[in-house]
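Engineer: If you read the sequences in order, they're chains H and F. Quick note: the first sequence uses our numbering, first residue 1, plus one each step. Quick note: the second sequence uses our numbering, first residue 1, plus one each step.
Worth flagging that the hints you see were computed from the coordinates, not collected in a lab. For every residue, glycine included, the Cβ atom is placed at its ideal position computed from N, Cα and C. Each hint should be verified, as a subset may be incorrect.
[Stated by the list, open to error] Okay, the calculated beta carbon distance ranges per label pair:
1. F:W99 / H:G81: 33 to 43 angstroms
2. H:L262 / F:W99: 19 to 29 angstroms
3. H:V177 / F:E96: 18 to 28 angstroms
4. F:A136 / H:D11: 51 to 61 angstroms
5. F:N50 / H:A256: 44 to 54 angstroms
6. F:Q71 / H:V260: 51 to 61 angstroms
7. H:H279 / F:E95: 26 to 36 angstroms
8. H:A255 / F:A13: 54 to 64 angstroms
9. H:V281 / F:D142: 23 to 33 angstroms
[What the hints assert, rightly or not] Partner residues are not named here, just some residues of chain F that face chain H (Cβ under 7 angstroms, in silico):
10. M62
11. L83
12. K84
13. V88
14. Y90
15. F101
16. P102
17. G104
18. M111
19. Y114
20. G115
21. R121
22. Q147
Letter by letter, the chains look like this.
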Amino acid sequence: MTELLIPFEYDYMLRAMGISALVGAVAGLLSCYVVLKGWSLMGDALSHAIVPGVVLAWLGGIPFAIGAFASGMLAALAMAGLRGRTPIREDAVIGVVFTGFFGLGLFLLSLFPSNVRLQTIIFGNVLGIADADIIQMAIIAVVVALVLGIWGRDLMLSLFDPVQLVAAGGNPSHMRVLLLMLLAATAVAGLQAVGAILVIGMLVTPGATAYLLADRFGRMAAIATFIGAATGLIGAYASYFLDGSTGGSIVALQAAIFVVVLVFAPKHGIRASRRAAAHAVAEPVP
Amino acid sequence: MDGALAHPIGTRAGLSVEGVSVAYPNGHLALRDASFTLAPGTVCGLVGVNGSGKSTLFKAIMGLVRPSAGQVRIGGEKVQAALKRNLVAYVPQAEEVDWSFPVGVRDVVMMGRYGHMNILRLPRTADHQAVDAALARVGMADLAERQIGELSGGQRKRVFLARALAQGGELLLLDEPFTGVDVTTEDAIVDLLKQLREEGRIILVSTHNLGSVPTFCDHVVLVNRTVLAAGPTPEVFTGPNLLRAFGGALRQHSLPEQAKAHAPLEAGHVVVLSDDERPLVMAPDGRVLGRLTQDL
Ligand SMILES: Nc1ncnc2c1ncn2[C@@H]1O[C@H](COP(=O)(O)OP(=O)(O)O)[C@@H](O)[C@H]1O
Ligand SMILES: [Mg+2]
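Please work from the sequences and hints to get the whole structure.
Structural biologist: Okay, here's the thing in structure tokens:
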């Protein structure tokens, strides 16, 4: 029994669990907006597109978060620029741009194969993060949470009914850019917790799960935030014993919760839908 | 509400659309040189076939598309300034709403108050009161806690009307409010629009439902890629004008002599125009007599 408490005795474990819970919570909150906007592919694209920025920032000796964010924004600009100017469909544009950026990132990384810090950042290993990088992640998470605290309602309105936001004197395209920036920033923070390939899981799965459980945005946001925080904490904790991939355990745990909810959710689950359909058929016609 | 206090009825400037042309990025010129004006206290029908530019005109009035020529003035102000002052409320077409979105009836109506709140959009007592009053006014107070997808077609329409009421404002835009709505709800909506007119607001209603236009619109704007005619209903809503606006899109039936003998209409050639379930009946001189409530 006491063996299970060992991770709590190490400072580095406490830090790892704390930061992955924090990043998980913020990514979970943001995932609600991603899911409702239908931006899973965009999130995937951004989280891959930040990789070359990480390597270049390291080469230039600037904080990796800044390089990563800049690289994500550059990719978003490239996608926006191409969308209006070619007859190619949007998903193809996104696919080309993000694999291009990711490929460049992996190539740059392969030039420095022995750099453990870069490997840690890009492939995600929450137990091996440098303190300076933990601080960067924490700052990003807090800023994203604050921004959502201020503009979250406008953002939600821009997803539900952008014209009403206009009627209220707001601007939906500002909200689009804001969501893009929050997505890139959160991907930067999530990168080190789970790695570039799995970040998208944290940015979609909690929101998708919560969507099945809630009929109000506030509840959905609370559930997704909780799932993100809990899985982040448990994933980091488990990786002490499993000696396996932290990212893998966090994202796989989220997916497992999703599957359970998908089947058993009281209202929007598969079983509930079947029951409701059977009930409707059995009901006498009035 | 604030607006109504600042500008007592009678001193408010209305809506003016002056020479507005709108081209979409693909080069399609959806509106050319469209002009009309409306005074406060008017219910105006925006009438035209599908694709004639009704929604485009709404977008131009809300500043969602930038006219390539001409200008829109709301209460004497440019569109952006009018929007900042919450002067424009709108009710979307039902097809444009995501009914599975996780919002409740009360949440939607509260969205009408966003423009009155500070940046954090935290509702105050006045906002809650406005929402409650609006819900009561459309008869939706009992359903306030439902998710919007759990409502009937008519109830869904009322929610968005309540949102517009909670917002207040001088100009109310309704895009095809009668599509997919039962007769009871249609009557309730019309009653509400008439009340709003008495409060001195301008209500602009797009519809291709010809039969109901003369029953509640005191002005009509006929569109077909431009404004064909605009003015008081008796002057504009005439057979020749409608044929110009609708062309081949209307089914035109001339009643046989026997049917006319039973109908309490003037002698001569009665014409029934219909584009949907509510046919319009016109006298030989093109005057609109009313709408058909029963099948012939
Ligand atoms: N976003 C758009 N891009 C290009 N053409 C459009 C767009 N929206 C509408 N149109 C075209 O403009 C014309 C007017 O459309 P619309 O204003 O929606 O008509 P209505 O509301 O009267 O049915 C139509 O021919 C339509 O195809
Ligand atoms: Mg339309």
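Engineer: Does each hint fit the structure? Answer for all of them.
Structural biologist: Structure-based check of all given hints:
Take W99 (chain F) and G81 (chain H): their Cβ atoms lie about 34 angstroms apart, and the range 33 to 43 angstroms holds. Separated by about 21 angstroms at the C-beta atoms, L262 (chain H) and W99 (chain F) satisfy the suggested range of 19 to 29 angstroms. For V177 (chain H) and E96 (chain F), the hinted distance range of 18 to 28 angstroms is satisfied, since their beta carbons lie about 23 angstroms from each other. Judged by the Cβ atoms, the range 51 to 61 angstroms given for A136 (chain F) and D11 (chain H) holds: they are separated by roughly 59 angstroms.
Between N50 (chain F) and A256 (chain H) the beta carbons are some 49 angstroms apart, a value that agrees with the proposed interval 44 to 54 angstroms. Checking the proposed 51 to 61 angstroms range against Q71 (chain F) and V260 (chain H) shows it holds: the Cβ atoms sit about 57 angstroms from each other. For H279 (chain H) and E95 (chain F), the Cβ-Cβ distance of about 29 angstroms falls inside the hinted range of 26 to 36 angstroms, so the restraint holds. For A255 (chain H) paired with A13 (chain F), a C-beta distance near 58 angstroms keeps the hint of 54 to 64 angstroms intact.
Range check, V281 (chain H) to D142 (chain F): Cβ separation about 29 angstroms, and the 23 to 33 angstroms hint holds. Hint on M62 (chain F) holds. Least Cβ distance to chain H is approximately 6 angstroms, under the 7 angstroms limit. The beta carbon of L83 (chain F) comes within 5 angstroms of a beta carbon in chain H, closer than 7 angstroms, and the hint placing it at the interface holds. Evaluation of the K84 (chain F) hint against chain H yields a held restraint, the C-beta minimum of about 4 angstroms falling below 7 angstroms.
Interface hint status for V88 (chain F): upheld, as the beta-carbon distance to the closest one in chain H is roughly 6 angstroms, under 7 angstroms. Here the hint on Y90 (chain F) is kept, as its CB sits about 6 angstroms from the closest CB of chain H, short of 7 angstroms. The closest approach between the C-beta of F101 (chain F) and any C-beta of chain H is roughly 5 angstroms, which is under the 7 angstroms cut-off, so the hint is satisfied. Against a cut-off of 7 angstroms between C-beta atoms, the interface hint on P102 (chain F) holds, since the closest Cβ of chain H lies about 5 angstroms away.
Because the smallest distance between the Cβ of G104 (chain F) and any Cβ of chain H comes to about 6 angstroms, under 7 angstroms, the interface hint for this residue holds. Satisfaction of the interface hint for M111 (chain F) is found here, the shortest Cβ-Cβ separation to chain H being roughly 5 angstroms, below the 7 angstroms cut-off. For Y114 (chain F), the interface hint holds, the least distance from its beta-carbon to any beta-carbon of chain H being 4 angstroms, beneath 7 angstroms. The interface hint given for G115 (chain F) holds, since its Cβ lies 4 angstroms from the closest Cβ of chain H, which is under the 7 angstroms cut-off.
The closest approach between the C-beta of R121 (chain F) and any C-beta of chain H is roughly 4 angstroms, which is under the 7 angstroms cut-off, so the hint is satisfied. The restraint placing Q147 (chain F) at the interface with chain H holds, with a minimum CB-CB distance near 4 angstroms, inside the 7 angstroms limit.
Figure legend: structure checked against the earlier numbered hints; every hint is met.
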